[in-house]
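Asks: Listed here are the chains, written in short residue letters.
2 protein chains.
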Amino acid sequence: MTAPRFAYDPMSEAAAHEVAQRLAFGPLLFQAVRLLASSGLLGALRSAADAGAAPEDLGAPGLSPYAVSLLLEAGHAAGVVAPHEGRYRITKVGLALLGDGAARVNVAFVHDVCYLGAHRLEDSLREARPAGLEALVAASSTATPPPATVYEALAHLPAAVRRSWFAFDHFYSDRAFPAALPRLLARSPRHLLDVGGNTGRFALLALAASPALRVTVADLPGQLAEAEAAFVAAGVGERTALAPVDLLDPHAALPKGADAVWMSQLLSCFSLRQATGILRRAREAVAPGGRVFVLDTPWDQQRTAVARLCLQATSVYFACIANGQSKMHGAAELRACIAEAGLTLEEEATGLGASHTLWICR
Amino acid sequence: MTAPRFAYDPMSEAAAHEVAQRLAFGPLLFQAVRLLASSGLLGALRSAADAGAAPEDLGAPGLSPYAVSLLLEAGHAAGVVAPHEGRYRITKVGLALLGDGAARVNVAFVHDVCYLGAHRLEDSLREARPAGLEALVAASSTATPPPATVYEALAHLPAAVRRSWFAFDHFYSDRAFPAALPRLLARSPRHLLDVGGNTGRFALLALAASPALRVTVADLPGQLAEAEAAFVAAGVGERTALAPVDLLDPHAALPKGADAVWMSQLLSCFSLRQATGILRRAREAVAPGGRVFVLDTPWDQQRTAVARLCLQATSVYFACIANGQSKMHGAAELRACIAEAGLTLEEEATGLGASHTLWICR
Chain A
1 MTAPRFAYDP
11 MSEAAAHEVA
21 QRLAFGPLLF
31 QAVRLLASSG
41 LLGALRSAAD
51 AGAAPEDLGA
61 PGLSPYAVSL
71 LLEAGHAAGV
81 VAPHEGRYRI
91 TKVGLALLGD
101 GAARVNVAFV
111 HDVCYLGAHR
121 LEDSLREARP
131 AGLEALVAAS
141 STATPPPATV
151 YEALAHLPAA
161 VRRSWFAFDH
171 FYSDRAFPAA
181 LPRLLARSPR
191 HLLDVGGNTG
201 RFALLALAAS
211 PALRVTVADL
221 PGQLAEAEAA
231 FVAAGVGERT
241 ALAPVDLLDP
251 HAALPKGADA
261 VWMSQLLSCF
271 SLRQATGILR
281 RAREAVAPGG
291 RVFVLDTPWD
301 QQRTAVARLC
311 LQATSVYFAC
321 IANGQSKMHG
331 AAELRACIAE
341 AGLTLEEEAT
351 GLGASHTLWI
361 CR
Chain B
1 MTAPRFAYDP
11 MSEAAAHEVA
21 QRLAFGPLLF
31 QAVRLLASSG
41 LLGALRSAAD
51 AGAAPEDLGA
61 PGLSPYAVSL
71 LLEAGHAAGV
81 VAPHEGRYRI
91 TKVGLALLGD
101 GAARVNVAFV
111 HDVCYLGAHR
121 LEDSLREARP
131 AGLEALVAAS
141 STATPPPATV
151 YEALAHLPAA
161 VRRSWFAFDH
171 FYSDRAFPAA
181 LPRLLARSPR
191 HLLDVGGNTG
201 RFALLALAAS
211 PALRVTVADL
221 PGQLAEAEAA
231 FVAAGVGERT
241 ALAPVDLLDP
251 HAALPKGADA
261 VWMSQLLSCF
271 SLRQATGILR
281 RAREAVAPGG
291 RVFVLDTPWD
301 QQRTAVARLC
311 LQATSVYFAC
321 IANGQSKMHG
331 AAELRACIAE
341 AGLTLEEEAT
351 GLGASHTLWI
361 CR
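Each protein sequence line maps, in turn, to chains A and B. For the first sequence, our numbering gives the first residue as 1, with consecutive numbering after it. For the second sequence, our numbering gives the first residue as 1, with consecutive numbering after it.
Hints were generated in silico from the structure; no laboratory data involved. Among the clues, some could well be false.
To be verified - One-sided excerpt, in silico: chain A residues whose CB lies under 10 Å from chain B:
#, residue
1, E13
2, A14
3, F25
4, P27
5, S39
6, A44
7, R46
8, S69
9, V80
10, L95
11, C114
12, E134
13, L185
14, R308
15, S315
16, Q325
Here a beta-carbon is modelled for each residue, glycine too, at the ideal position from N, C-alpha and C.
Sequences are here, hints too, so could you generate the full structure?
Replies: So this is what it looks like as structure tokens:
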């Protein structure tokens, strides 16, 4: 007699059916939970604490009693509130949604940046382009022809979309930078090349922490303009240089001579083949004896399941909205790119900030 | 010393944060899981069973290795697949998604009918109209001015949307009708008025089971045309009559004289005030000694949490797409409507089909 198939998964059939239906109604539960939070209803229930509140005693500006009932019932389905003796109380999940900065940032990012475009995941993957970006760009009539990536589109997007995008981007990097910076400075670099340095956020930290350091930021011209303004405002303009470069162009070389080449949350924005090309150009650019530093978020080196699933789900954004060919890569994939680019891995530091790993290569 | 607040919920903080993030990324997980299933990748993993399959050995027409990896990793986040020794295996949740007819019907309904419009839940609730319906109707240029409800729009919607809508509607009613019909026939009705009889699905069952029964179907003209064709095709045309009526018009009376007035999955499509008005007109129409039968899906009379959450989540569809003012009502709400309409509740039968309750009133 053989063992029953699928016995490796101990989940009961009833529990599996419930999770399956939660996935099936995920978009509707998301919208209800988002509005429960943004309308203040969930906050009112947190304030009411153990006493809870009756639906008829809860209100929010512009929402009818019907709307309040509907949101509470959908919130019950989602597990953020629960009825008790004719009243509703907030659950631990509801408290987590309100109290967890990551959850708030993720909800806004998913709603404002990803939601509509994710409907076109299939087209995006079949055509290897961010087909969902059209849904975002449609709101702004100025960009013709349509941009090929979100990075080109960013400057043209509505303010609310930009705000949610940057809040998401910065939320993760802001927690990793303080943990990663000492490991860079321990190598006493004199000249840092920040590849894909975006608006100069990491460069500013490094310049402040190391008064003799010079920094060159390489990125698209739109991003460099913001970085330059930030450097001038911080009074460090004379220690910085700007190198406009489109990293998608495999022939675009990086400026040579820095003894530390840095790239943070950059390789997730490219396919593995493109990532290898960027790493190869970093190897060609770095000064003799210098190092290449790669800070990224491999989904398979996370301490918790929740950190892992957030990264894996974010990959859908890369496919539909960002560029149609990247994702949150795994550590083994990135190590293979490093080796293929002719670099030697010297140190791997995991668990920096919320989700980051730093690879130091020569 | 007082007890800590929120101690009524035993969930751990770590578990709550994970559920919160699953909600936050719900739309992205939904899209990935849907495509994993529709592309055949999930089915291939079910066939591979305990052996699982390596990502590089899995493929689907038109999907690159990158796309396959991304979908497997997002599916891991969603819990429908799990990695094991370099391969992926389907989980019990994945099996439930493939094997559960309700999950398949719900995924298609949410994607094709609800997804885009649910982005406008806030507008829908604030304006008491299905603001999300515009997203669906935009695909068909013929309907101007925009329809006020999905019922008016239905005939103009793309075929795929119509298919998913009817599959969802019929999936639930098809399971309830056989359980409810004997309770109707036990009252030996001679003439049945089917209010909101739609395409005649229940009427056909009743006509087949009771050879002397006559049926009048009251609904919008578009739906009646389909019902009439079905009656003629079944050879029961001479025992049927059609009564065009817009139930949203509070002055539109129902035809009088039937000794059984029947309404199935109808009152969820109206606000509680509208539902009361329909029940009052049913009371005025029913013959002396006759009965009014109300078959519906109260979210608070479900045997399982999963049945309850499916109904509560479906309320979001009613707000965004259907009409902007209805939801899956609770049993107490419907009983209050019945009483307010001047009807007396004679019998309440719960647990019919998957989710239904039958109220018999005089």
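Asks: Which numbered hints are broken by the structure, listed smallest first?
Replies: 6, 12, 13
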